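Colleague: Listed below, chain by chain, are the residues.
Number of protein chains: 2
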Amino acid sequence: MDFVTILGIVAATLTTIAFLPQVWRTWKTKSAKDVSFIMLIAFMSGLVLWLIYGIILNALPIILANSITLVLNFIILWLKIKYR
Amino acid sequence: MDFVTILGIVAATLTTIAFLPQVWRTWKTKSAKDVSFIMLIAFMSGLVLWLIYGIILNALPIILANSITLVLNFIILWLKIKYR
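Protein chains in written order, with the numbering used here: chain B, 1 to 84; chain S, 1 to 84.
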């Protein structure tokens, strides 16, 4: 595995797991008032398109990264609605 | 330009401009308490790696999308520190 591929995997992992602390914080504080609803919807719409893009190209890294990020952001959205 | 390329451009645009409403909300409410500091740091680190990845591959879409997203998240981080 060459350097660039490893760099891409680490980048994808970071921009995916980055949302775990946001899920944890929202769940712990029972508050997501400062998290923009429009940002979540726009971001998740983009993630769905990235997911379709990855499926069409049969690109597992794109499918994996974006489906996990989508699930995490869906949880943040759900918690934001729940704790409104 | 084929369908898949257009899909990728729209996906990249959405997951980039999605952070504009978050910048606007944080600037307007002068509060980012609910936005996870760790998420911002981890996400921005990942964006830096994606930027290096794009520069190495000379892939303009990856460079553009991730540099704009990085700037927007940097502003959110700066506002979060400012309004602590």
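Hints were generated in silico from the structure; no laboratory data involved.
All of these numbers come straight from a predicted model, not from anything done at the bench.
Wrong hints could be hidden among the right ones.
Just so you know, same-sequence chains aren't split out, so a pair can sit in one copy or run between any two.
Simulated pairs of lysine-lysine, DSS-like, Cα-Cα distance not exceeding 25 angstroms [what the hints assert, rightly or not]:
#	residue 1	residue 2
1	Lys82	Lys30
2	Lys28	Lys82
3	Lys80	Lys33
Colleague: Look at each hint and say if it fits the structure.
Modeller: Against the structure, the hints come out as follows:
1. Lys82 with Lys30: both (9 angstroms within a copy, 23 angstroms between copies)
2. Lys28 with Lys82: The answer is both: 13 angstroms in one copy and 23 angstroms across copies each meet 25 angstroms.
3. Lys80 with Lys33: For lysine 80 and lysine 33, the Cα distance is within 25 angstroms both inside one copy (7 angstroms) and across copies (14 angstroms).
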